[in-house]
Every structure is written in C-alpha cells, then in structure tokens.
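> Spelled out, the chains give:
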Amino acid sequence: MAVVITSKFHQESEWKDISKVVFTSPNMVSPATAGTRSHVLPGQGDLGTWYEDTSYMYRVEEEQKITESDYYNFLSTTTMDLDLDLPSPYVTVTGTTDNYEIFYGYIKEGVGCTAIGYTQLSMGAVVQDIRVKLEYSTGATSPDEKGYLGNVTSTTINTPGDTTKDVYGLSVDFDAGDTHNNAWVVDVIGGTPECYIEVDLDKPYKITKIFMRGEYAYDSSGSSYFHKRFFGNYKIYGKLLQSDTWVELYDGANTTEIETTVFLSSNDKYFRYYKVVMEDNGGLTGFDTDYYALSSLQFFTFEYDNTPTRDKPMYNFKDNGGADIVYINDITDIGGSEYKLHISSTTGSGTLASGTSLRGWGTLTSRVDYQMDDSIVFEVTVGEAYNCRLTAWDDVTHSTTNNELIQGDHVRLSALAFCASNSKLEPSESYSPINYVYGPVHNRILKGNTVHMGQNYFYGDFDLVYRFQSGVYGDFLIFKPMLYGIDSSISYGVHDYVITLHYAYT
Amino acid sequence: MRIDISGDSLPNFKNLNGVDGVIYGRYNKVNSVNPYKCRFVAVYPDGKEIFGINLFTTGWDEIPNGLNGLRYELSTGHIIQIPKYKAYMPQIEVSFGMDGSRIFHFINVHCMAEKEVVIYKIVLREDQLSPQKIGDIIMSKQALPEIVCKSWKYTS
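Just so you know, the protein sequences line up as chains A and B, in that order. If you read the first sequence in this note's numbering, its first letter stands for residue 13, the second for the next number, and so on. If you read the second sequence in this note's numbering, its first letter stands for residue 864, the second for the next number, and so on.
Heads up, a few of these hints could be off.
To be verified - In silico lysine-lysine, DSSO-like type, Cα no more than 30 Å apart, as pairs:
#	chain 1	residue 1	chain 2	residue 2
1	B	Lys877	A	Lys32
2	B	Lys1004	A	Lys20
3	B	Lys1004	A	Lys330
4	B	Lys892	B	Lys1016
5	A	Lys32	B	Lys900
6	B	Lys1004	A	Lys32
Since the hints were derived computationally from the structure, they do not count as laboratory data.
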C-alpha cells in the first residue's frame, strides 16, 4: 500500500501547513513573500531556516538554537549485568533521582497497577514552605486569633500556643482544656476577600485526595465564647514548576461541615506546588464568616496493588537512535534508593553491563519533553513507510554532499520518532507496545549516507506505520532542522541544500 | 498547501517523456525511469495477468495470493523477470526532499525462500557517481521475517 504521510509545522504554539523548507539569508523584512529568498551577499545577514507557504515565509531564527531537552522523563541506572538474550526475571536499578524521585509510582502506574486506596503523605517531611497572600500576612497585629499570622511574613505559618505548629497534618486537637484547636485564622478583608495558601512540596506528587479541617474552638472557662470557622468557596490549583501557570484541579464549596475531603481526578498530573484559593465565605452556615480558618491540611497519593496489567518499555538508547528495549511488568522497592524492575521480555542481544542507563517516557507531565517550536512533524495516516532515514544532500539529485554547509557540519537536525496518545499532535505517552519508534538524537550532523567512526550522519533507519489502536496515534516523526555555527566565515553565494526523507513502501 | 510527501509531482524532473527523465544538479546529472510508466505484472496459473499502476501507487496490496510469476516492466523497456519463490513483497525505495523533489532509487523485491529472504534490488536511476545502471539487479539476502505482513503475496 502506498504510504500516506501528512506534515505540519509548529510555530508560536500553532501547527501550520507549509509547502517547503528553504534556507537562505534573512536579509529581508519578515514576513517575506514566498519565492523571494536570496543568496548570501556581502554585508548581509547570516543564513537562516525558513518554512515556506505558497504565499508566505515563516521566519525561524537568524541565529538558530540547538535543542537541549531530553525526550524522556525518567532515567534509571542498572546495578547488575543484564543478558538480553536470556534475561533474568528482574534487573535492579538506582539513580532514579533526575526526575524528582517519583520513579516507583511512575512504574506502578505505567504497568497498569490498580489504585486500591490512599497513602497519607508525611506532611511535616514533604512540605518545604507555605505562603499566604500578602495582604493577610501583614494584616496580623493583635495577639489573639489574628496573631496567629505573626510569622507569616517570614513565609512560615505558625499556630498559637506554647508549641509552634504548622497548618498541616491531621490535627484532631479538640481537648476540652484547649481554648481552640491549633489553626491558621485570619480576618476576611472587605473588598478583597480572595486569600490563598500555597504549599511547596519537596518533589512532585500526584495528589489524589486532600483533607481539610476548619477551626472549632471554645473557651474552657465558659460556654458562651465559641468559634467555628472555615472557608466557603474555594479552588485548588497545582503546577509542576514554579515558573508554570497554575492548573485548576478542583472547584469546591464548604457549607455546614467543619471538615471536608476532596478527591482529585486520577487524570491529574504530578505537581510540586499546590494552592488553595479561598474566594469568599458564601454558603457557609453556622460559621463565623468574618474569618478564614484552617487547622488541618493533609495530602494523599494513590496506593497501588501488585497486579500489573500491561508492560512498560524502558529503553537503552544507542548513539544513533536505535535502542534495546526492556519490558517491565512491575517494580519492587528494595530500599537504599534501589528498585527491582521485573522483566517480561527484552529486545536486542548481548549483555547490558551494570551502569547502563534505562530511560522511560514518564507520566510526570505525560508529554515528551520535546522542544517543538520550529519543528516539522510527519504523521503516517495510511500504510507503512519502511527503512525511513532523514538526511541532507546538496541538491535535487539527492546524491552529493559537495556543499559548503554540509561539508562544514553546519546542517544539523534533532529528531524523534514516536507514537502517542491523547492528542494527535501532542507528543504524549502511549501504553501501546512502544512509545518511541526510534530514539532521539540531538543536533545530529547530516551528511548524506555517511557513517564515520560508528557515527551515523543521518537519522534512521526505522519503520513508520499507521496505528489504528484505540487512543494511540501515529506513527509520528518530528524533527527540527537547523543551521549550526553559521558566521561570517561562510562564503558569499548560493548555499541551498535539501533535507530528504528516504523510505520504502509497497 | 503542505509538504505533499505522498503526492505524485516531480518538480525536479526535466525532459520527462514516456521512457525516462533527467534531474540536473550542480555536480551530478541523474537519469531516471519514468515512474508513471513502471509497473509490476503478476501472473496467475490460469494465464491471467494483473498489472500494477505505477511507482507512486503500485496497487500491490490489492492483488490476490496464488500468483505463479512476477515481473517488472520499466519505462525504459527493461523487463525483469523474478524467479518463483514462496512469496513476494516488493518495496519502492524513494527519497523525498523538503523542497518537493523526489528520486526513485530502487524496487526492492523481497522473495521468501525456505530459509531466507532473497532481495532483488532493481535499479531505477543512473548517474555519474554510481556504477549501477537502470535495470541492473543487485542481489542480497536477509533472515526470514519474524512477522509476516499482509503485503507478502504467496505463490500457488
């Protein structure tokens, strides 16, 4: 079957159609009319890459950037030799810290173990910092309830009493002798009722349940003095990086209960930063609505069973993009930051020596960490393309590399072949037998079919096939051509070259 | 408009006629078969012959199993007769340029024997750098496939 491959170009957060990729000097005002590209001339700018529509040229950059991100979210390092031909039932790994030490949960979820309950986080150990909205920090002046905020300006919330206590943990201090349970309490500022508490964790967690409790207090000397405080309407947000935008996870409202339990979607991602935004006290009944109060804040994660339902590939990428694959069907924490990965099968041959890196496409963000801007993606929509290879040639004969840019190692490319789930053009993890069709390369020099000292000067070879599995899309080939190291040493004149996709079909 | 990798345009071909075409480069000149005029011919025991379409859309996957012979007819007049094997799977090897240019390099006819796959690589272009000429055949072998796809067509 003749293969059908569609193409898209990603720029400024949009996928666009283009007809050509051309290379020229950017000595024209962008956007320029297609077909008016010129040669490098004295006194004019360096070469750049342009993507050409029929009537428009998308300018990329005059000084093109190499890619730096990896294409995988998890890395582990083997601590034993692994025979790929006759693999042992498991391989032990360590060094899983490069992505926030969530390796165990990542593998558990990756192999399809079922969530059977919740694990309570040790909040005192995992909470690194808490912040509240500034207006509420500086507003604390009196020594009574509002005085609880005395230390908030130093970013730490302390509760009153002889013992300093943070606002987290499952506090159930309702002893009769107490004047109140330990709590963070603050006036609601008229006109600007929104207040928030931000919680920084030591690493990302996939929080699936949150317990919160308001303040319930009374004066032990008499029954007339009574406090019942919480907050009414609120939202919960999360984000992975401090620089990320907050993602709304939950929109809730308290009414008459002094405590609430929030269940977050299992589809939510791993976040390191969480925020509870109190919007107002609307809907609260039986509470003193002049205050916001919180005495307990407890996070939970999923607890998984030991019944995996699918295999998870882990890859040993080779220099040229090929990979050995170790299919994992469970994980055991054996302590000392070391894990036992249970093996169902392997591909490849020979022995992976202890110390080999095994990489996986993770669920931390569920997106492959690819710098998509200025990249082109090919998608197979019908048939199969065999023995695919991306490379560069001098001209339309696709046969010579006699070109100043190619010979000078200026023509480069970063590429990745993959299948994905969720969305067609969003590189995200799939649980099909493979995630990576062919491993990633960064800034690979393109020079025809040259192989030198074990290094391929092309990207390939691999097969791209049309997938028709439910929720799995692809195959995709995404690549970012670039001109590297272009400066005034490049001679004046014509420097066109051609990037080609070499493939076979029936 | 997008990069039409699956189309059948040949903007880099010059002087394309019913026999062949020329592709001019800065340092090389390529003579190519006319890919619109090349096809397979599958022969069946009852004498029936099914003709392929061209090199862009071959039509190979639509033909039935049970063929008795296979040959390729190139636009240049070359006729390449493939000996009888258990099964065949021809693949068109092409390179597509991001500027829309296209070169047809080979037809790789995979032939399944008892213990191996024999590959007949039929050359579709000739230039000033490669010693092969149009119609030449380069033989090679590889291991039997672990998975047999539907593009393999079995002989009778």
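> Hint by hint, say whether it matches the structure.
Going down the list of hints, with the structure as the test:
1. For the hint pairing Lys877/B with Lys32/A, the CA-to-CA distance comes to about 20 Å; that is within 30 Å, so the pair holds.
2. This hinted pair does not check out: Lys1004/B and Lys20/A have alpha carbons roughly 37 Å apart, beyond 30 Å.
3. With a CA separation close to 26 Å, the supplied pair Lys1004/B and Lys330/A stays within the 30 Å bound.
4. For a cut-off of 30 Å, the pair hint linking Lys892/B to Lys1016/B is broken: about 36 Å separates their Cα positions.
5. Among the hinted pairs, Lys32/A with Lys900/B is consistent with the structure: their alpha-carbon atoms are about 27 Å apart, no more than 30 Å.
6. Of the pairs offered as hints, the one joining Lys1004/B and Lys32/A is violated, with about 37 Å between alpha carbons and a cut-off of 30 Å exceeded.
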